[in-house]
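Chemist: Residue-level listing of the chains:
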Amino acid sequence: AQSVAQPEDQVNVAEGNPLTVKCTYSVSGNPYLFWYVQYPNRGLQFLLKYITGDNLVKGSYGFEAEFNKSQTSFHLKKPSALVSDSALYFCAVRDSYGNNRLAFGKGNQVVVIP
Amino acid sequence: DAMVIQNPRYQVTQFGKPVTLSCSQTLNHNVMYWYQQKSSQAPKLLFHYYDKDFNNEADTPDNFQSRRPNTSFCFLDIRSPGLGDAAMYLCATSRDPGDQETQYFGPGTRLLVL
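Protein chains in written order, with the numbering used here: chain A, 149 to 262; chain B, 16 to 129.
Derived by calculation from the structure, the hints in this document are not laboratory data.
Source: prediction; values computed, not measured.
By construction, the Cβ of each residue, glycine as well, lies at the ideal position given by its N, Cα and C atoms.
Possibly wrong hints are sitting among the right ones.
What the hints assert, rightly or not - Here are a few chain A residues that sit away from chain B, every Cβ distance over 12 Å (derived from the structure):
hint, residue
1, Tyr209
2, His223
3, Ser228
4, Val241
5, Ile261
What the hints assert, rightly or not - Here are the computed lysine-lysine pairs in the PhoX-like style, where the Cα-Cα straight-line distance is at most 20 Å:
hint, chain 1, residue 1, chain 2, residue 2
6, A, Lys254, B, Lys53
7, A, Lys254, A, Lys197
8, A, Lys206, A, Lys225
9, A, Lys254, B, Lys59
10, A, Lys225, A, Lys197
11, A, Lys217, A, Lys197
Chain A extracted, bound-state conformation:
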């Protein structure tokens, strides 16, 4: 079965410092990986996805993610965090074996400290 793990509950970072949110995955076929962000009492906003090709994926709001097949990881990164980046971040995966279900990780709360 496909799954993702987000090992940290909360990520604290000072404003202006680099931000990393970790995600590892497990799938049977080729992985299709997604990152979403959720602000309080709001729906999920799509940030970026990896389907194939370049391992470094650039997305919305200055975020990027690096696909690493050998480490089965897809960490989300931002070079310089903003206070407004404080939110809940979800990693999700679908695999290529026809399973239409999008499997979400448990989410990471990011707190950017002014």
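Following the hints, position chain B against chain A.
Modeler: Structure of chain B alone, referenced to chain A:
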């Protein structure tokens, strides 16, 4: 702007009183999804429609039903809400059901059961 709209944003109902949540989309997407998200948890897929074809998740309680009268609208009906059904309900759409397709989420409806 093309978008996914959910109404109402907040819904209060009484224990056992039927309630209907609404989702509409201007993206002209073929697939519409309903997720349940409880506090501090990942979204959980309840069911989805691919065009008019209904696909129920195996562990979705019978208490939850859905209707899709046309491409633009999809409804979530909770026949007899219990206290455990209090959650955020998220509607999402994707152009097609393929594994590489991005799902776009609405802002959610927060349901409170008294």
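Chemist: Hint by hint, work out which the structure violates, then give me just those numbers in ascending order.
Modeler: When the structure is compared with the hints, only number 4 turns out to be violated.
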